[in-house]
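Student: One-letter residues, chain by chain:
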Amino acid sequence: MHDKAKKRRIRYGMLGASAMTLLLSGCGPQYMVLDPVGPVGREELHLIILSVILTGIVIIPVLALLVFIVWRYRDKPGNRAPYQPKWSESRVLEVIWWGIPIVIVGILGYFTEKTTFALVRPPENNIAPITIEVTSLDWKWLFQYPDQKIATVNYAVIPTGVPINFVLTSDAPMNSFWVPRLGGQEYTMPGMAMRLWLQANQSGTYYGHGANFTGRGFAHMNFNVIAKPATQFYGWVQRVKSTSHPLTRAIYAQLKIPSVIGTTQYSSIPPNLFNGTVWADGGKYMPGMLPAQGTGSNSMKHNSTQ
Amino acid sequence: MPVWLTHFTTTYLMWNEGPMIWGSDVLILLTMLGIVVTLTRLRRWKWLWREWLTTVDHKKIGIMYLLAALIMMFRGGVDALLLRTQLAVPGNHFLSAEHYDQIFTTHGTIMILFMAMPFIFALFNIVVPLQIGARDVAFPYLNAISFWLFFFGAMLFNISFVFGGSPDAGWVSYPPLSELGFDFGPGENYYLLALQISGIGSIATGINFLVTIFKMRAPGMKLMRMPLFSWSVVAASVVIIFAFPALAIALALLTLDRVAGTHFFTILHGGDPMMFVNLFWVWGHPEVYIVILPAFGVYSEVVATFARKRVFGYSSMVLSLMLISVISYFVWAHHFFTMGAGAGVNTFFAIASMLVAIPTGVKVFNWLFTMFRGRIRLTLPMLWTIAFVPCFTIGGATGVMLAAAPADYQYHNSYFLIAHFHQVLIGGVVFGMLAGMYYWWPKVFGFMLDVRLGKIAFWLFNIGFYVCFMPQYALGFMGMQRRMYTYPTDMGWGTLNFISTIGAYIMGLGFLFIVIQVLYSIKHGERDLTGDPWDARTLEWSLPSPAPHYNFAVIPTVTERDMWWELKERKETDRLKLKSDMITPIHMPKNSGRPFLMGVSFFIAGFGLVFEWIPIAVLGLIGILLSLLFRAFEYGDEHTIPADEIRETEAALGRL
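As you go down the protein sequences, you meet chains C and U in turn. Residue 29 in our numbering sits at position 29 of the first sequence; the count goes up by one each step and never skips. Residue 1059 in our numbering sits at position 59 of the second sequence; the count goes up by one each step and never skips.
Just so you know, these hints were derived from the structure itself, not from any lab. Just to be clear, a hint being listed does not mean it is correct.
Said to hold, decoys possible - Straight-line alpha carbon distances no greater than 20 Å define the calculated SDA-like cross-link-like pairs of lysine to any residue that follow:
(1) U:Lys1568 - U:Ile1583
(2) C:Lys86 - U:Glu1569
(3) U:Lys1568 - U:Gly1284
(4) C:Lys86 - U:Asp1535
(5) U:Lys1455 - C:Lys86
From a predicted model like this one, the values you see are computed outputs, not experimental measurements.
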C-alpha cells in the first residue's frame, strides 16, 4: 500500500510539474498565445486566465478529495475510519455540488458573452482601420490591400496601433487564418467573406499559419505578419508600388495551381479580384452579404459579415 | 510483367510506394494463412461457423465485439506511434506528407468508430441482459446483423491501406477537401461507405438496447431500481438513435457528390460545404457522449462494488445521465466557433457547452462520495476508475476553457485541442472500457486476469499518457497546429514533441502488457467458480461464470436496488435458489448464417461502389435483398430448450 501511495504521489508530482512548466513558460515569447502583442490577443488571454481560475475552483478540491478519500478509506485491517455502507443521500451536499458549477458557469458565461460581442467590433474606434483581403490558396496565402492597391503572398505588413480589418475567403479547401500573437483565428471559406479584427501595438515579425488541414502542402502554409510604425508601413507600400510587378489575372491563375512557394509582392491588383473570387465559387447562398459583382471593393467592408 | 499487371500492382496494390506497403501485404497474408492453417489443423471450421459466425447469443456477440475492439485499438495505436515517430524531431522524413495525412485520418476514424464504438457495444451485449434479468436482447437476429455490419464496415475501411489507398481528408472529412475536385482517390469512398455500413449497424444496436431495457426487464425491476450501467445504456441509446441518422445523411450526400455528380457540398453550382460541417457535428458531438456515457455507467458499478457502499445520489446520477444526453444536441457548433456564425450564435453554443460540465461535475462528486466512508479495494477495475477521476477532471476543465468561444479562437485546431480531446477520450472512455473489461471479464470467460501484469500495464499506460499529452497543451500555446506532417526547427517545438513521442511509446508498451496479461491469464488465470468474484451488487453476479446459454433458468423477481448485495447482506440468497419444479422449457432464438452473409453482401456492395465497379456493387445489393427476402419468409426462428436439459445444465453447475 505504501508503495502504491508513493507511486501516486510521483504521478501527481509529475502532473504538478507539467502544470508549472505551463505557467512559468508564460513569460517566453515562444508561448505565443500567452504573450499577445495586441488588444485582441490580450482580451482572449484574459478570458483564458479567468477560465483557468474558475475551473481551478472545482478541480483542485476534487483532486485533493480524491487523494484524501482513497487513502483514508482504503480497505486495510485496522483502518478505523468510519464505514457507512448505506449512507447514500444528502440533500445539503447535492445542493452544494449542483450549485457551485452553476454559479461558475454563470460567471464564465457572462464574460464569454461580453468578449464574444466585443471581438466583432474594431479594437479601436478612433483610428481609421486598414482593410486586408486574405485568400487562402493551395498552399499559400494571398493578401490584397484594396485601399493601397498592392498585394503580397505569404507575408503581410501592417502598421502598429491601427486596427486591421482582415476579410477572409478561400479559393481552395477551407483553411483557418491564425496569427497567435495578434489574436485568435477565423476560417477562410470558399464562397464566403468573413471578418477578423486584429491589431499589433508593438513592432515585430509575427508567425502565422493555416489552422485547418487542406491537403499535402498544408504544413508549409506559414506566413509572417510584420508590424511597423505607420510611416514605415506607408514607405513600404510605396516601395512595393515602385519596384514590383502588377498582379494580373493570369498570375492569379498561376497562384491557384497547388504548390508551395516563397514570398512575393505585387505593385497593383486587378479590380474585383477578391469579390469575384467570393462570387465565382458559388456565393449564391448568403444573399445580401456582398455587393453584386462589379461594384467597388471599398463598399465591401461595410457589408461583409461580422 | 504484362502492362495490365503493372497497372494493377501500381494503381491498386500500390507496390510502387515502398516497403511499408510490402510489409503490410506480407503480414496480412501471413495472418490469413495462419488463421486458415490453424482452423484446418484443429478441425475448427465447423465450430467457427456453428458457435460464432451464426450465433445470435448476446454474450458471444459481446465477445466478438470485444475482440474486434482490441484488434482495432492495436491498429489505431500503431497509427498513433507512426504519427508520433514522424513528429519526434523537427524536419523529419520518416513519413511523407501523403502517408502522414492518410495515417492521421485512419487513426481518428478507427479509434472513434471501430475501437470506441465496438468496445461500448461489447459491454452493452455482455452486461445489459444479465443485469436486467433477461434471456437475450429484444431482437437477437438484428443484434447479429449489427455486429456483422460493424465488422465488415471495419474490414472495408482497413483494406484501403493495401488496396487502393487510405482516406486522407481527416476523420471529419470536410468538403470541399473531401470532394472529387481535391481528392479523387478511392480512399475517401472507402471512408464514406465503411462508415455508412457500420453506422446502420450502430443505429440498429441503439434501437435494440433501448427496446431491450424498456420491455425485457425482470418482473419488479422498476426503472429506478435499475443498475446505473443499464441506465447509461438507455442514455447512450437515445443519443445513438437521434444522432446517427444525421451522419448517415451527411455520408450519403457526400457519396452522391462523389459518385453521382451531385453538388450538395461542392464549392460550385451552389453547393454548401458548411452544411456538411453542421450535419457531421450534429452527429459528431453527441457521438462523444455516446461513448462516454457507458463509461460513466461502468464507473458507477465499479465504485459501488469496490467501496462496498451504495452509489451516492442514485437519482442525481440518473438525472445527470439523461441531462447530458439532452444537452449533447445543443453544443455541436462549438466545433466551429471560428466559422463566422456570429456573436449571438457563438454565445449560445458556448454557454450550452459549459452547461455539460454541471451534470458531469455532479457525477464526479457523487463517485467521490460513494467512496467516502466506504472500504476501498484497489483491484484492477478500481485502479482504472480512480485514475479516471483526475484525468477526466483536468480534461473536463480544459473542455470548459475551450467552450469559452473567444478563447477557442486561440485554441481551435491547435495541439491544445488535441491534448484536450485525447484526455477526455482516453481518460474517460478508454479507462472506462478497460475498467469494464477487467470488471466483467470473469463473468464472460470464467477466469480472472492476472493482477501483477495488469498493474504493470496500468502504470505504464497512465504514466505514458501524461508524458504524451501534457506537453501537447503547451505546444498549443506555442502555436502548433494539428495535422502538420512536419515542422521547422526554429519554432522551439522540438523538445516537447520529443517528450510526447516517448510518452506515446510508453502507452504502447502498456497496451502490449494488456495483451500479454490476457494471453498469460488464459493459461494461468485463476478460475472463477463462485460466479461472484468481486463480492458485487447486481443481478449478473448471481449467475455462474460464464452464464449458461439461456442466462437465467428462472427469471428472478426483483424487489430492490442492488438486490444481489442486499440479499447477501441479509443472508437471503436462497431466494434466488432454483428448485427443480420451477424450471420450465425455455424459448430461445435459433442461430442463423444470414446476418453474416448479409454482412458479406454489404462488404461486396461497398467495395464495388468504392471503385465504382457497378456489376460488383449490384451483386452485393442482390445479396442484401436476398437476405432480407429470406428473413421475411422465415417462420419458426425459435427453438425450445426442454426443462430436463436445463435441469442437467444447472445441476452440472452445482446450482440445483
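Student: Indicate, hint by hint, whether the structure satisfies it.
Tutor: Comparing the hints with the structure gives:
{"no.": "1", "hint": "U:Lys1568 - U:Ile1583", "verdict": "violated (23 Å)"}
{"no.": "2", "hint": "C:Lys86 - U:Glu1569", "verdict": "holds (11 Å)"}
{"no.": "3", "hint": "U:Lys1568 - U:Gly1284", "verdict": "violated (43 Å)"}
{"no.": "4", "hint": "C:Lys86 - U:Asp1535", "verdict": "holds (16 Å)"}
{"no.": "5", "hint": "U:Lys1455 - C:Lys86", "verdict": "violated (31 Å)"}
Violated hints, listed in ascending order, are 1, 3 and 5; each of the other numbered hints is respected by the structure.
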